[in-house]
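Number of protein chains: 2
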Amino acid sequence: MQTPDWIAVDWGTTHLRAWAMKGADVLAEAHSDQGMGKLERHQFEPALLALVEGWLGQGVTPVLACGMVGARQGWQEAPYRRVPCGPVDAADLVQVETADPRLDVQIVAGLAQPDPADVMRGEEVQIAGFLAQQPEFEGLILLPGTHSKHVWIKGGTVTRFSTHMTGELFALLCQHSILRHSVAEGAPQPDAFALGVRTGANGQALATLFSIRASGLVGQADPVAERARLSGLLIGAELADVPSGTPVTVIGSGALTDLYLAAAAQLDLNATAQDGANLVLAGLTQIYLQGA
Amino acid sequence: MQTPDWIAVDWGTTHLRAWAMKGADVLAEAHSDQGMGKLERHQFEPALLALVEGWLGQGVTPVLACGMVGARQGWQEAPYRRVPCGPVDAADLVQVETADPRLDVQIVAGLAQPDPADVMRGEEVQIAGFLAQQPEFEGLILLPGTHSKHVWIKGGTVTRFSTHMTGELFALLCQHSILRHSVAEGAPQPDAFALGVRTGANGQALATLFSIRASGLVGQADPVAERARLSGLLIGAELADVPSGTPVTVIGSGALTDLYLAAAAQLDLNATAQDGANLVLAGLTQIYLQGA
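First to last, the protein sequences are chains A and B.
Take the first sequence: its letters are residues 1 to 292, numbered as in my numbering.
Take the second sequence: its letters are residues 1 to 292, numbered as in my numbering.
Next up, chain A with everything else stripped away, as it sits in the complex (with noise of 0.2 Å):
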């Protein structure tokens, strides 16, 4: 294998991935499940050396790192860059020290919003991604997952975002609330799912999970159709403030983005579906170009 140019690296709570580059172009792929939440602050560079060290030549090599490596409890703390801003920011990287004199490794900041209090590590740099390729989207980035980020972009700018538990509250109901004797998983549900979303857009979504388990007590009740109608009430609620005919690019891929696209085309949101898969790498490597 040729020696890369430099090495791009996501570095989130639960993975590490990296990729060997010549410029833009991938030359090899790794990854581990060294995620920076397993990691005391000196374990970060024998576990980056343990996954690339065989990519290194003689000369040093930049390394770009996004993701929680850059949160407190990361390799080093790279304070948040304050929206509105661009998503990325090639001059205002942060520098580690590291003990390997081959490796010159600079993380990526997150972004910060005052008020309300968001943050967010890792997204911007999709984000970016995204934007390389599509540079006059303006609308709703929309991130689902266990804590779904909704990013507003305008002229290439994050004016502002918010973070919805989602992901989260819809696992800790089914798993822990009393609602999990009224739930199970199963086949899509698309009807009792979009009455869910329904009654989540119209902000009843906390006055009506009780009648999950009230609905199997007073009749008879499928809990694999309420568990779907759980997920739109969750969902809806989300995309509550949502404007109607608001552009809407969901960055994911699977079932999870399918059910946000159903949402979406209920409530008359214009939504379309991006892989997420590559966004990663394509930011990491416009902010190397950006830098170079």
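I should point out that these hints are in silico values taken from the structure, not numbers from a laboratory.
Since the model is a prediction, treat every value here as computed from it, not as a measurement.
We put the CB at the ideal spot given by N, CA and C, even for glycine.
Accuracy of the hints is not assured; some may be wrong.
[Unchecked claim] Some chain A residues judged to face chain B by a derived CB distance under 10 Å, without partners named:
1) H31
2) A109
3) Q113
4) P116
5) H150
6) M165
7) T166
8) H176
9) P188
10) G200
11) L234
[As the list claims (entries may be wrong)] Among chain B residues calculated to face chain A with C-beta under 10 Å, some are:
12) D115
13) T159
14) R160
15) T163
16) L169
17) P223
18) V224
19) A225
20) E238
[Stated by the list, open to error] Non-contacting residues of chain A with respect to chain B, defined by C-beta distances greater than 10 Å in every case (computed):
21) A117
22) S177
23) T208
24) G254
Starting from the known structure of chain A, arrange chain B on it as the hints suggest.
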């Protein structure tokens, strides 16, 4: 002690309370932790006898029981009565077969609402006890707790009701969610609570939850105040749909009732508190006297 005319029993998920009664007068009182939640069907009669056998005379003593004892997993299922209806009806009790011929046990039916699906067991007797004292009351009776009940009263009738998982959700978020790192118990924080109430009443509770995590990351946040704000968010959301000016009676006591009164005042609800301790007994007495 005189032999009682009848025995009143409040039998919930976690507790069992009994009163030896002469008409509307209490001769004796006893309680145990033999709640419905820990009993198999054949264990209810022994649990009751263990508490009240000393009160029984030569003849048959009527026993009037309410609460989760009438649930599907209880001693004997008492079918729900459907709203709109009076909170209780002495003509609509469920007879339980007992082995001991000295017992004549009847269970008070709970209430159900088909759409939106909802149920209650036990609260209907507290409501009857309250209405026995204030028969002219019209408005909202609110019983805060793990599953907070909103019960709308008109002309002595329960017209509709709703259950809000406010208390359970608060506990889940404080103990099991990512917010657990950002909240702590402490002295009352009226300002933070009031801020939460306003936000929650504006339909922003779910959209604002994550800011409890983020505010500690982008600035200085006091975990005690943040816990109060979370409480306010959820209680504000619970009260969001109550029209301002509505007469509200909060049945309960202690710190939780105080929070509901503060939230209600902030939302221009005309709220007063009613101590709930003796209302079950007042309601059961009402049924006994109706049926006697």
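Against the structure, the hints:
Hint status for H31/A relative to chain B: violated, with the closest Cβ pair at about 25 Å, above 10 Å. Annotation: interface hint on A109/A violated; nearest CB of chain B at approximately 13 Å, more than 10 Å. For Q113/A, the suggested interface contact is upheld, since its CB lies about 7 Å from the closest CB of chain B, less than 10 Å. Annotation: interface hint on P116/A holds; nearest CB of chain B at approximately 5 Å, less than 10 Å.
With 10 Å as the threshold, the beta carbon of H150/A comes within range of chain B, its nearest partner Cβ sitting at about 9 Å, so the hint holds. For M165/A, the interface hint holds, the least distance from its beta-carbon to any beta-carbon of chain B being 5 Å, beneath 10 Å. Look at T166/A: its Cβ gets to within about 8 Å of chain B, closer than 10 Å, so that hint holds up. Hint status for H176/A relative to chain B: holds, with the closest Cβ pair at about 6 Å, below 10 Å.
Taking 10 Å as the C-beta cut-off, the interface hint given for P188/A is violated, the closest approach to chain B being about 22 Å. The closest approach between the C-beta of G200/A and any C-beta of chain B is roughly 9 Å, which is under the 10 Å cut-off, so the hint is satisfied. Hint on L234/A holds. Least Cβ distance to chain B is approximately 8 Å, under the 10 Å limit. Because the closest C-beta pair between D115/B and chain A is about 9 Å apart, less than 10 Å, the hint holds.
At a threshold of 10 Å, the smallest CB-CB gap from T159/B to chain A is about 17 Å, leaving the interface hint violated. Because the beta carbon of R160/B sits about 12 Å from the nearest beta carbon in chain A, more than 10 Å, this interface hint is broken. A distance limit of 10 Å between C-beta atoms decides the matter here; for T163/B the minimum to chain A is near 4 Å, and the interface restraint holds. A cut of 10 Å between beta carbons decides the hint on L169/B: the least distance to chain A is about 7 Å, and the hint holds.
Checking P223/B against chain A by beta carbon gives a least distance of about 14 Å; that is not within 10 Å, so the hint is violated. For V224/B, the shortest C-beta to C-beta distance to chain A is roughly 17 Å, which exceeds 10 Å, and the interface hint is violated. Taking 10 Å as the C-beta cut-off, the interface hint given for A225/B is violated, the closest approach to chain A being about 13 Å. Below 10 Å, beta-carbon pairs count as interface contacts, and E238/B has one with chain A at about 7 Å; its hint therefore holds.
For A117/A, the condition that its CB be more than 10 Å from all CB atoms of chain B is violated, with the nearest at approximately 4 Å. Not every C-beta of chain B lies more than 10 Å from that of S177/A, the closest at about 6 Å, which undercuts listing it as non-interface. The Cβ of T208/A does not lie farther than 10 Å from every Cβ of chain B; its closest approach is about 6 Å, which violates its non-interface assignment. Interface exclusion of G254/A from chain B stands, the closest Cβ pair being 23 Å apart, more than 10 Å.
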